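Line order of the protein sequences matches chains A and B.
Quick note: the first sequence uses this note's numbering, first residue 4, plus one each step.
Quick note: the second sequence uses this note's numbering, first residue 540, plus one each step.
Don't read these hints as lab results, they were simulated from the structure.
In this text the structure is predicted, and so the values were computed from the model without any measurement.
Watch out, some of these pointers could steer you wrong.
[What the hints assert, rightly or not] Below, in silico cross-link-like pairs of lysine to any residue (SDA-like), each with a Cα-Cα straight-line distance of 25 Å or less:
hint	chain 1	residue 1	chain 2	residue 2
1	B	797	A	168
2	B	648	B	683
3	A	215	A	153
4	B	797	A	313
5	A	202	B	643
6	A	222	B	797
7	A	84	B	592
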Amino acid sequence: MQTWRIRLTGILLLLALGPTVQAAQGEVVIGLLTPLTGTNAVQGTDIQRGVALAVERINAGYAVPLKGNLRLPFGPGVLGKPLRVLVEDTESRPASAMDAVRKLVNVDKVPLVLGEYASGISLPTGQFTNAQGVVQIAIASTSPALRDIGPFFFDVMGLDDVAGRALARFAVKDSGARRFTSIVPNNPFGVGIELHACKTLEEEFGGQCVAKVRYELEKPDYRAELQAAFQGNPEAGFYTAYGTEARLLFKQAYELGLKPPKGWYADYLTMWSNEVAQTPEIAEGVKGFEVGVSGDFYEAEYAQAYRAKYGEAPLTSFGAYAYDATWLAALAIQLAGKPDPQAIRAALHVVDDAYLGVTGDKTFDADGMQVTETYQWFIYTGGKLKPYPYPGE
Amino acid sequence: MSEFLVYLATMSGIYGILSLSLNLQYGLTGLANFGHVAFFMLGAYTSTILVLLAQLPFPLGLLGGALAAALFGGLIALPTANLQQDYWAITTLAAAEIVRLVFLNQPLKGPYVGASFGVGGIPQPWRQAFSAATYPYFYLALVLACLLATYAVVSWLARMPFGRTLRAIREGDAVPLALGKNVGRFRVKVMMLGGALGGVAGSLFAHYNAFIDPYYFLPLETFLVWAMVLLGGCGNHLGALLGTVTVLAFYHSTRFLKDYLPLPSQTLASLRMVVIGVLIILVVLFLPQGLLPERKRRYGPRRPARS
């Protein structure tokens, strides 16, 4: 805890003496890749709102919270100039995301790109930005394959190895079950969860994933997949789904009367909690985690302002991650003193120790991935997510 | 900006090869191939496996990609060669999905290479010989050379007796059958030829993008190529190329346009999709023959046009 205090002092000094005082011309421009249309449009919109909220505060001047109950007066603007974010729609499609990232890097010449949401898109865009020497901060991508992209790639959410392990430990402790089924989307995110949840179950608890189902996205019918998931008499299940698919999966499982005796254990509950709200009985009793988006600090720092600006509660938990990523980017650019990717990259490894995220600790490890992730446990009941005590605590 | 234009030109070249190969199959022969993306995917994956995992040089990868796609084209054409158009659409669409599902579920090396994780770090051919600034121009030249070769091959074929037989098949089996042509065998040949060209495009794409995963090869990509061929003009090779450039230009210019419009980014993103859809509908309504209609040779005296 001493090291960050020392570094913090350094940051405070640098920022105070830094180029904020110069009244500069022009703007600081960064890019955002987000799915505003397609499968992940809801999450992508929330991400765009989280970024917009941060930018609004940065450009108006804001006392940004730091660890150790400190607040740092920041802005207005970055490096004395307004911060502008160019929003590019990825259409939830990798080919289109590549067009978008090439536009941002080659035409708009941004030093830093925020996004994307899906691992399958962060992976190729990250490889491109990394080869071009441009910083990219992924917002909610969690595939373990992201770790190896390179020095210019960062991620503000804990990867699936952390998440899969946490889910398996919680599920075993809560249910006592050892025979699990696993149903995940067949993409880097879902498969990453399955690999790590099942591995943890086997290695730490001597349990077994008796069925592993990887389903295709955007299918009109999942009854065959659900039947397959219940082969081998599972006691409980690991469940991963995006909103559109979750609604159909829960509905068809409900119609078929398929439910593991000891229940479903799901990750990232807000991926689907809005989508199933109209027929809450289909997901009644699902337990699982949500990432660091609750508590008084989140409420006061983010959720209230979000509600005031958009007139509704945050759509998902991912907007808050986008908000944190934007702040980290702004702090790093300010500390770097110029919008230069190499300097921003180095600065990100400094500001992460001081910044207090609305989604918790945001420290990057040497690969730019999150050291820890805060998981909160909930049960979906009566159409709402209610806090659920971690077993044994 | 120039880098982005070079990127667009390179992608137009790659899609141009795809359009030409679809034009050969649909425009000339009338085969409603709704699984064209399978050739593209097979070319991309085969070349990646050969170059990245088997450490073979790029030209062999390119050749391997073309060969794999050609074999696949022949394979799906064999049992369906004597079917009518609508059945072609169904079988080719399904065959393309089968290919995609195989690659989606088959890891290539360890749990994180292949399958849904895709394959990254695909080597770029002759990368060391160029600087970072000049390499895109070299690759563009490579793609354009392949495009030119493709164009030369398809226009040569179209002028040959082979091409005339294909056109006859398009208008119905009766005439070519009466002339003693084995219609089924011609269909198999044209699927293999078109497949090989699609495979070349796939290989070029994989080594350019340096990353592929099964989500690049959804059926949507097939329909993008269809839009290019229909817009440009079925049966006209230059038309197919013009269609490619036009569709890509529409698609990308809307991305730039939005930076200058004072609307919320979410509204703009949805509007962009609407505009692209409307443009395609307008073309189908008002230019049903495409921008450059096929020039049909007329034999005998011209009849006065019926009005």
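Hints versus structure:
Of the pairs offered as hints, the one joining residue 797 of chain B and residue 168 of chain A is violated, with about 43 Å between alpha carbons and a cut-off of 25 Å exceeded. A threshold of 25 Å between alpha carbons decides the hint, and for residue 648 of chain B with residue 683 of chain B the separation of about 33 Å lies outside it, so the pair is violated. Restraint check: the Cα-Cα separation between residue 215 of chain A and residue 153 of chain A comes to about 31 Å, which exceeds 25 Å; the hinted pair is violated. For the proposed pair residue 797 of chain B and residue 313 of chain A, the alpha carbon gap of about 22 Å is at most 25 Å, so the pair holds.
Note on residue 202 of chain A and residue 643 of chain B: the hinted pairing holds, with a Cα-Cα distance of about 21 Å set against a maximum of 25 Å. Proximity of residue 222 of chain A to residue 797 of chain B is assessed by CA-CA distance (about 32 Å); at most 25 Å being required, the pair is judged violated. Pair hint residue 84 of chain A plus residue 592 of chain B does not hold up; C-alpha atoms about 48 Å apart against a cutoff of 25 Å.
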